[in-house]
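Undergrad: Listed below are the residues making up each chain.
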Amino acid sequence: MSSIPWPFPSPRGLVSSVKARANTRVQTWARKRQGTDPDTTTLGSGRVYILPTGVGLIFGLMVFAMLLGSMNYNNNLAFVLTFFLIGLGFVAMHQCQRNLVGLELTFAGADSVFAGQSIRFRVAVTNQSKSARYGIRLYAPDTQSDVHDLRPGESKVFILPVPTDKRGRVSLQRFGVRTLFPFELFRSWAWLHMNINGLVYPAPSDNAPQPPPTMVAHGHRQHDARGEEDFAGLRKYHDGDSPRHVAWKAYARTGQLLSKQFAGADTSSQWFDFNEIASFDVETRLSILTRWIVDADRTLEDYGLRVPGGEFAPAHGERHRRQCLETLALFDGGTT
Amino acid sequence: MVKPRGTDGSLLSSLPWTLTALVFSLAPHVPFIPIWITAAFLGCAAWRYVIEKQRRALPGTWVRAVLALGCFLGVLATYGGISGVGPGSALLAIMAALKLLETRKRRDQFVLLFLSIFLVMSSLLREQYLWSLPYMLLSILVVMTAWLRMSAGKSQTARQSFATGGRLLMYAAPLAIVMWVFFPRISTPFWAVPIDTSRAMSGLSDTMSPGDISELSMSDEVAFRVSFDDAIPEPRDRYWRGLVLTRFNGRTWSGREPSISRFAQDQIEIIGERVDYEVTLEPTQQQWIFALDIPYTWSLSKTFMGPQQQLARSIPIDQRISYSATSYTDYRVQTDLSRQYQIWYTDLPDGSNPRTAELAREMYTAAGSDRAFVNAVLEKLNQEEYYYTLEPPPLGSNPVDRFLFETRRGFCEHYASAFSVMLRSVGIPTRIVLGYHGGELNPMGGHLIVRQSDAHAWTEIWIEGLGWHRVDPTAAVAPERIEMSASDAAFDGIGATWGLTAPSRLLHQLTLTWDALNTKWNEWILGYGPDTQNSFMQWLGMNEPSWRKMLLTLVGLVIGIIMLISTVMMIRYRPPAKDEAAIQYQRFVKKTGLDPQTGETPRVFALRVQASGSMPTPTVETITEAYMVARYGPGGDAAFERLKQAVGAIA
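Residue numbers (the working numbering), protein chains in the order written: chain V, 1 to 336; chain F, 1001 to 1651.
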C-alpha cells in the first residue's frame, strides 16, 4: 500500500511532539535551576517534583463522582468514605514525595564496554533515614533500572544500562530517580545532572584479517656453571611451551598448568600497527586492532600497539590491555 | 488478534489481598442481593485463584462473554431493571466477578480495587448502622493493603503493607474529619433519588378511613426520637402533632395538601412554660413534621406551619433529619373563629350515618349545652360497652353508625371519627389530628422513643372563648377495657411462665442502651444536615454560617493539617541524630585548624595536632581519650562529661 503524504501531523504525533517539546523545556529549566550536581548528591525537597499518574487521575474522578453521590443522597457515611479517600490522596502525595527527599545518590562508575554492548552505569542510592523507602527506580532516556526498596540506612547499587553504538566517551547528561509508592496515584521524581561518563571501546571486528606474524626475539643464553637460565617467574601455560618448563610442583598444588619463565628466554611479541592495515577506513582499522588485542590478551601473548600519536611496547596484562583499548576508544585521527 | 491468556503466578502476592478486599466490600450486600450472585462471585474468585496458583490459562473470550451476558440477564430478570441501589450493587458484584476472570496485569487489579471501593460506597447507601462506620474503615484498610501489595516493592511483607496502610489511614483521619464537619451540606438533591421500594416506609397515611383497613400494624419501628433540653413532659401531655384532617365524606377523613398559613402562628396564645426539645425523624417520604402539641418555633429549613397549626416541609423527608423546636403544652388557639369557618368545620355529607346524627341530636337536647353534651358523649363511650382493639371487624357503608351501634370495637381512629361526627351533627366545630401519642423513655439516653405503634388520632373541638381544645375520646375508653392484641398477651404469658422476667428485663436494658447509642449516632452523625451543621457552626463561634465561610475554614484547616502531616513525615524520614560525642569532637577538630584525612583515626589525628603544636598536648590527649571512650568504650557517660568539659575549656 502506498502511503499518501498527509500535510498535517497526526493527532497522536502532534500530542507526542508537544509533549516532547514541553519535556525538553522543563528539563532545560530544571538543569538551569539545579546546575551540575556533585558526584554525591542528596535530594532536597526543592528538586523533587510530583504529578498524578493515570491511575491517580482516574482515582480523582472516582472520588469526585463519590462526592457528588454523597451530596445528592446527603448520606453522611458516604461522605465519611469520600473524605477518607480524599485525605488518603493528600497523604499519598506527601508520602510519595517524602519517599525520595533525602535520598543520597552517588555515581559509582561504569565498566568500559565494546561498542554495541550496553554500558552499565552504577549509581549507589543510600537511604539516610530511619524509615524504609519503597519502590525506587532510576531512569534515563530509553532505559531504566530495576525497582528496589531501601531499608533504613541501607545502600544499594542501581544499574542503568545504556546501549552504545560507537566508541568514545559516553556521558549520561541526565538521569532521574522516581517512585510511585504508596498507591501509584502520584509519580514523584528528581532529575540529576552529575558528571557521569564511561568509555566505549571500538567493537571488535568480526572479520578481521590475520594479525601480523609473531616475531621471536631470541634471548642471549647466559651459560653459567650449571647451564641454567635465570628463573624470572610463572605464567599460564600455553601450547608450545616446553614440558621442561612446566611448574609441576605448582600443578600438583593448584591443579593449574603454569610455565616457568626465564630471563633471557625466547619471547614472542606482536606489533599491532594502525598504519599497516591502511586498506581499511579508520573505524574499521580501530575495530580490527581491537579484535587483535582482545584475542592476543586471551592467549596471553605479548603485544604492542602503534597508532599515530601513541605507542605501547609489547606487554600483556589487564593494565596494558586497558591502556591500549582506551587509546583506541579515544583515537582522534592521530593529530599529534 | 489472540492475546496471551497464560498466567505466570506473578500476581500471587497481591491477588489474595485483592480477593480479600472484594470479599470484605461485598459482604454487607450478601443479604440483599440474590444468592446466585454471591455464589457466582465466590466461584469466580476461587477459580481465578486456582488459575494463578497452577499457572493455567484464563478462560477464553467466548466463555467470558457468555458468562457476562448470562449474569446481566439474570440481574434484569431478578430486578426488572438496572437502576437503584439493589440492582446497582448486584451489577458491581458481577462486574468484579467477571473482571477477575480476565485479570492478568496490575492495571486489571486497579479496576478490581476501584470496584471494591464502589461496592463499599453502595453498601453505605443501603444502610447506615452504628457498626457500618468501623466496618467501612476496616474494608478501606483491607483495600489499601491490597493496593500496597501491588504497588510497593517486593521486599514489603504483607504485615508491613497492612501497617503502612493503617498508618496512612491514620494520617488521613483528621483530614477526613475536618472535611466531613465543614463541607457545606445542601438540602436539595441534584437528581431524583430512587426510592428503595423494597424497604417501604411505614408512617401515617394522609387520610383516615376507620373500618376500611381492619387491622393496625403494631410495628416496633422507630418513628422518631426526642431529647428534651429540660424536664420531659408528663405522659398525658405527650401528644405529637402531625397532620390535621378536616373533611369527612361519610367514610373517609381527609385534609389538604400542606400549605403555608401566615396567620396560623399568630392564632396561638401561649400560656404555660415552654418546652425545648430536639427531634430526630426517620424518613417518611411525606412532608409532615412532628412536634409536641402545640409547636411554636422550629429550626428546620423549608418548614412552615399550616392553617391548622400543623408543621410541614416543602420537600418530602427522604432521609433522617434532626430539628429542634419549642412547644407549649398550655395554650389557646384561635379563640375567634368566623361564622364561615364554623360552618366549614361542622360540615357533614347529607344522609350519611343517620342513626349517629339522630342520637347526637337527642343527647344534645338532653344535655342542654355544648360542654354538657361533650361530656355526655365521652361518658357514653366510657360507660357503655365499647372495646379498644387493634383488630376490629370491618365496617360497612355507614361506618360510624355501624361502629357506634353494632360492632362497638375499634381503635383510636374509630373513636375519634365517631366523636367528631357526633359533635359536628349538633354544630360543634371539630377536626381530627393524626400524630403520635406517648413514647418510651430511654433512661440511658434520656430521650423518648416514639414508635410507629404509638401512632394515634385524636380530636380537637372548638369552643367559644376557649378556642381549639384537644379531646381524646380513646382515653375515655378506660384502660381496663382495653383489649390487647392476642399475640402480645401470649408473649407476656410465655415470659411469665418460663420465669424470663429478669433476663428479658436485662435484654430490655441492653436494647435501651443500644437505642441510646443509636440515638446519638442518628442525631450527630447521620442527621448532620444543613440545619444541624448550621447550628454546630454557630456553636463553634462562626457568625452567620454560609457555605462560603465553611469552605474557607475547610480549606484553611486542611492546609494546616497537611502541613502538620508533612512535618511528621519529615521527622520520620530524618537522618538519625548525630552522636553527641561526635558533635563535641567536631568542635575540637575545628579549633585545631587541621582537616582530618579519610581513614585517619582520632589517635593519628591527635599525633598530627601535637606535631603542629597548635594545642597543648595534655588537652589533645584528654579530648582524644575521652572521645574514644565516650564513643566506643564502656563507661561512656562519664567520658562524655569529661569530653564536654575539655572541649568547653578550649572553646
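I should point out that these hints are in silico values taken from the structure, not numbers from a laboratory.
Note that the structure is predicted; figures quoted are calculated from it, not measured.
In this text, a Cβ means the ideal position worked out from N, Cα and C, and glycines have one as well.
Among the clues, some could well be false.
[Unchecked claim] Restraint-style ranges between C-beta atoms, simulated for each label pair:
1) F:Glu1641 with V:Val157: 33 to 43 Å
2) V:Ser171 with F:Glu1102: 42 to 52 Å
3) F:Met1570 with V:Ile159: 28 to 38 Å
4) F:Gly1081 with V:Arg31: 53 to 63 Å
Undergrad: None of the hints should be skipped; say for each whether it holds.
TA: Status of the hints after comparison with the structure:
1. F:Glu1641 with V:Val157: 33 to 43 Å: Hint holds: Cβ distance 42 Å, inside 33 to 43 Å.
2. V:Ser171 with F:Glu1102: 42 to 52 Å: holds (45 Å)
3. F:Met1570 with V:Ile159: 28 to 38 Å: holds (30 Å)
4. F:Gly1081 with V:Arg31: 53 to 63 Å: holds (59 Å)
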